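Quick mapping for you: the protein sequence lines, in order, are chains A and B.
Residue numbering for the first sequence follows the numbering used here, starting at 347 and increasing by one per position.
Residue numbering for the second sequence follows the numbering used here, starting at 64 and increasing by one per position.
Don't read these hints as lab results, they were simulated from the structure.
Be aware that one or more of the hints could be misleading.
[Claimed, not checked] Sample of chain A residues at the chain B side, in silico, Cβ under 8 angstroms:
| no. | residue |
| --- | --- |
| 1 | Asp348 |
| 2 | Lys352 |
| 3 | Leu353 |
| 4 | Ser372 |
| 5 | Asn375 |
| 6 | Gly378 |
| 7 | Leu380 |
| 8 | Cys389 |
| 9 | Ile399 |
| 10 | Tyr447 |
| 11 | Pro616 |
| 12 | Arg620 |
| 13 | Ile702 |
| 14 | Gly711 |
[Unchecked claim] The calculated lysine-lysine pairs, modelled on DSS-like cross-linking and capped at a C-alpha distance of 25 angstroms, are:
| no. | chain 1 | residue 1 | chain 2 | residue 2 |
| --- | --- | --- | --- | --- |
| 15 | B | Lys240 | A | Lys474 |
| 16 | A | Lys444 | B | Lys182 |
| 17 | B | Lys275 | B | Lys307 |
| 18 | A | Lys444 | B | Lys116 |
| 19 | B | Lys183 | B | Lys201 |
| 20 | A | Lys459 | A | Lys474 |
| 21 | A | Lys354 | B | Lys183 |
| 22 | B | Lys238 | B | Lys224 |
| 23 | A | Lys352 | B | Lys275 |
| 24 | A | Lys444 | B | Lys238 |
| 25 | A | Lys691 | B | Lys163 |
| 26 | A | Lys708 | A | Lys726 |
| 27 | B | Lys240 | A | Lys444 |
| 28 | A | Lys444 | B | Lys275 |
| 29 | B | Lys156 | B | Lys127 |
| 30 | A | Lys691 | B | Lys134 |
| 31 | A | Lys354 | B | Lys182 |
| 32 | A | Lys352 | B | Lys134 |
| 33 | A | Lys691 | B | Lys238 |
| 34 | A | Lys503 | A | Lys473 |
| 35 | B | Lys275 | A | Lys691 |
Computed from a predicted model, the values in this text were never measured in an experiment.
Just so it is clear, CB atoms sit at the ideal spot from N, CA and C, and this is done for glycine as well.
Residues per chain are reported as follows:
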Amino acid sequence: MDLHTKLKILGAAAKYDVSCSSSGSSRRNRPGGLGNASLPGICHSWSDDGRCISLLKILFTNRCVFNCLYCVNRATADVPRATFTPDEVAQLTINFYKRNYIEGLFLSSAVYKNPDYTMELLIATVKKLRNQYHFNGYIHLKVIPGADPLLIAEAGKYVDRLSVNIELPSSQGLQLLAPQKNRDSIIRPMEFIHSKILQTREERKLYKSTPLFVPAGQTTQLIVGATPDNDLKILKLSESLYKRFSLKRVYYSAYVPVTQHPNLPAISSPPLMREHRLYQADWLLRFYGFKADELLDENQPLLNTEIDPKSAWALRNLHLFPVEVNSADYEMLLRVPGIGVRSAKRIIAARRYSSIDFETLKRFGVVLKRARHFITCRGKFYGERNIDELTLYQMLKPSSSQSSGAKPSSEQLTFSSLYPHLFQPQDFHTVITGEM
Amino acid sequence: MVYYIYDGSFEGLLTAIYEAYYRHQNPEKILSSDSIQDNLFIQHVYIKADQEKAERVYSAIVHKISLAAAKKVLYAFLSESPDAATAIYRYLKLGFKLGKSVDSALADPYVFRVHALHKKVSQEAGKMLGLVRFRLLKNGIFYAPIEPDFNILGIIVPHFKRRMSAHDWIIHDLKRKIAAFYSQGQYIIVPFELSGALPLDEEEFDYQTLWKEYFQNIAIQSRINPRLQRQFMPVRYWKHLIEKPGTHDKA
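The task is simple: from the sequences and hints, build the whole structure.
Below, the structure written as structure tokens:
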């Protein structure tokens with residue numbers, strides 16, 4: 347089979363992996379070597395579905411012994427199969443990289459023969475890239491569930507990021523749809539990687555020459571909408587993953603119906619809006635100081651699809667508003683709908699110098715359409731008076747003309763502008779997209 | 064009313080700021096010589112660029128305000144926006160009064176303008192780090208044409224110097240007719256124009272095809288969203304992207 351066919355099959359087979367980010371590592375180039383990593387990450391292109399292409403995202407092989415029902419590459423699926431050799435992957439990576447098509451390699455794989463065998467093949471590939479081709483660009487490697495911890499420890503020495511896919515938010519879901527995987531074979535490697543990262547960090551404090559171990563940390567992804575798990579359960583899970591294993595990101599991927607089976611829900615299109623709201627809520631957890639319990643509870647376990655989670659929270663907590671922008675603390679400003687990390691920081695910086703008027707807020711990027719109902723500016727309130735929660739809800743909802751044009755993913759642009767990465771001292775204001 | 068006219072160079076602009084200070088004049092605007100319009104009521108004062116004066120202003124910015132301010136000024140200048148020079152002048156005037164806290168005075172329109180220009184330029188530079196596409200030439204040199212909105216060539220070159228240190232490469236700004244030439248640890252940026260097409264290496268065509276095929280196969284059909292794609296990757300940048308139609312080099 348020629349390289350073109352292999353790349354077509356194994357590129358297409360990897361497209362359901364959500365993560366593409368190349369951030370978090372500052373690996374340097376060496377004399378005579380090729381490449382380095384950029385801390386904020388760099389996007390190189392955007393595919394026709396609007397997702398960023400940063401890494402060459404491929405499977406090593408799509409020949410799989412597992413039979414997870416939601417997956418295109420499951421053992422019983424009738425699809426063309428292919429397998430790369432380590433050298434083919436290395437050549438492709440190097441030549442794409444030199445032309446600046448990509449930021450590095452994201453190598454994943456189906457389970458070929460058994461988890462350990464597959465993991466060894468992946469390790470052989472990244473070793474070749476690092477040692478033989480002197481490649482110092484970004485490498486993200488997928489951990490095959492069930493692989494030996496020794497192999498994971500070995501892989502971690504060569505790559506920038508590792509990820510173990512949670513796949514489904516509950517163990518019942520796994521049992522039903524991915525019977526060969528279990529919670530233990532997923533959580534244990536995460537725990538292992540986390541402790542190894544902490545250990546390396548301590549050792550590097552003592553000995554600077556300690557080799558790096560997964561400098562960009564670990565991430566995971568899970569599929570939304572393939573099982574009946576609700577948003578509260580998913581957010582609680584993410585919250586504990588961030589807390590327990592210091593994950594860099596949890597990626598959510600709307601379930602794309604690739605096949606039909608009685609255990610799978612019958613839907614015609616992926617639940618993109620739900621995915622979008624989960625990402626918004628995820629951001630609130632990580633950068634806005636919210637807790638999962640504040641956003642949802644047992645009586646209301648699903649995120650509202652009509653308005654964003656922050657507005658929904660504010661509507662339930664109207665007694666806390668309005669707040670005065672010239673005196674509210676940073677944490678409270680962040681909780682105002684329409685004020686993001688960027689504008690909150692601007693407000694804090696600017697009001698040290700002079701008090702802020704309403705016009706200035708507009709220039710600072712505050713979305714006044716939403717924010718005006720929740721703030722006062724120099725004591726003056728700019729929202730409607732004497733309106734009830736329901737009217738306000740209607741006002742915060744995007745109008746129908748807007749919502750038809752604004753497909754869920756197109757809102758990700760406004761969403762992405764809220765990233766606090768932009769405030770880290772760095773050379774470039776990279777537009778960090780929802781894909782990072 | 065007085066307008067200062069400078070020659071369009073960064074040194075020229077800094078010299079104009081120097082003169083405004085030492086002549087105790089308060090020019091209404093500072094404009095580059097290619098963006099002036101005649102007006103009877105306005106006195107044009109032409110400023111000749113002076114290396115020494117420019118360096119004095121630069122070091123004053125770094126020491127009296129901050130290095131970050133110097134960088135903001137340079138980036139705002141590289142935006143080539145007609146109002147950039149005036150905004151920079153007012154920003155620095157306030158900066159010499161307030162010191163480094165000038166960057167908190169965002170309620171001032173000129174401070175905000177300089178910040179906004181800086182952001183626009185650094186955003187494009189950041190985007191360009193990803194969108195540069197090298198082609199391998201017959202002689203082993205990697206060549207990339209770009210047409211950015213702002214003059215960001217000088218900003219992005221150090222990145223490629225770190226990354227591609229063992230190769231020879233050229234990044235060519237077709238719009239401004241300048242190019243960065245890199246070889247063995249050093250680079251220069253010089254005026255440059257091409258008369259004809261460059262001969263490409265044999266294996267170049269194969270990798271371009273591979274990349275195109277990969278690009279087409281990575282999109283999820285049920286999520287196709289051209290609007291989102293264009294938001295991140297505006298059409299004006301497509302011209303030199305291998306993966307976009309019409310840019311594939313023919314064998």
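Now the hints, each set against the structure:
1. Asp348: Violated - the Cβ of Asp348(A) stays beyond 8 angstroms from chain B, reaching only about 10 angstroms at its closest.
2. Lys352: violated, 10 angstroms
3. Leu353: With a minimum Cβ separation of about 6 angstroms from chain B (threshold 8 angstroms), the hint on Leu353(A) holds.
4. Ser372: With a closest approach of 11 angstroms, the Ser372(A) hint is violated.
5. Asn375: With a minimum Cβ separation of about 6 angstroms from chain B (threshold 8 angstroms), the hint on Asn375(A) holds.
6. Gly378: Constraint on Gly378(A) satisfied, holds at 5 angstroms.
7. Leu380: Hint on Leu380(A): holds, closest Cβ of chain B at ~6 angstroms, below 8 angstroms.
8. Cys389: holds, 5 angstroms
9. Ile399: This interface hint holds because 6 angstroms falls under the 8 angstroms limit.
10. Tyr447: Since the shortest Cβ distance to chain B is 5 angstroms, the answer is holds.
11. Pro616: This interface hint holds because 6 angstroms falls under the 8 angstroms limit.
12. Arg620: violated, 14 angstroms
13. Ile702: The hint holds - Ile702(A) has a Cβ within 8 angstroms of chain B, the shortest such distance being about 7 angstroms.
14. Gly711: Because about 10 angstroms separates Gly711(A) from the closest Cβ in chain B, which is outside the 8 angstroms limit, the hint is violated.
15. Lys240(B) to Lys474(A): violated, 41 angstroms
16. Lys444(A) to Lys182(B): violated, 28 angstroms
17. Lys275(B) to Lys307(B): Since the Cα atoms of Lys275(B) and Lys307(B) sit roughly 8 angstroms apart, the hinted pair holds (cutoff 25 angstroms).
18. Lys444(A) to Lys116(B): With a Cα-Cα distance of about 42 angstroms, the restraint between Lys444(A) and Lys116(B) is violated, given a limit of 25 angstroms.
19. Lys183(B) to Lys201(B): Between Lys183(B) and Lys201(B) the Cα gap is close to 36 angstroms, so the pair fails against 25 angstroms, i.e. violated.
20. Lys459(A) to Lys474(A): Between Lys459(A) and Lys474(A) the Cα gap is close to 22 angstroms, so the pair holds against 25 angstroms.
21. Lys354(A) to Lys183(B): violated, 37 angstroms
22. Lys238(B) to Lys224(B): holds, 22 angstroms
23. Lys352(A) to Lys275(B): holds, 14 angstroms
24. Lys444(A) to Lys238(B): holds, 24 angstroms
25. Lys691(A) to Lys163(B): holds, 17 angstroms
26. Lys708(A) to Lys726(A): Since the Cα atoms of Lys708(A) and Lys726(A) sit roughly 15 angstroms apart, the hinted pair holds (cutoff 25 angstroms).
27. Lys240(B) to Lys444(A): holds, 24 angstroms
28. Lys444(A) to Lys275(B): holds, 16 angstroms
29. Lys156(B) to Lys127(B): Measuring from Cα to Cα gives roughly 11 angstroms; hence the hint holds.
30. Lys691(A) to Lys134(B): Satisfied, since the Cα-Cα distance of roughly 21 angstroms is no more than 25 angstroms.
31. Lys354(A) to Lys182(B): With a Cα-Cα distance of about 38 angstroms, the restraint between Lys354(A) and Lys182(B) is violated, given a limit of 25 angstroms.
32. Lys352(A) to Lys134(B): Roughly 47 angstroms separates the two Cα atoms, so the pair is violated.
33. Lys691(A) to Lys238(B): It is violated: about 37 angstroms lies between the C-alpha atoms, which goes past 25 angstroms.
34. Lys503(A) to Lys473(A): Given that 25 angstroms is the threshold and the Cα spacing comes to 9 angstroms, the pair holds.
35. Lys275(B) to Lys691(A): violated, 42 angstroms
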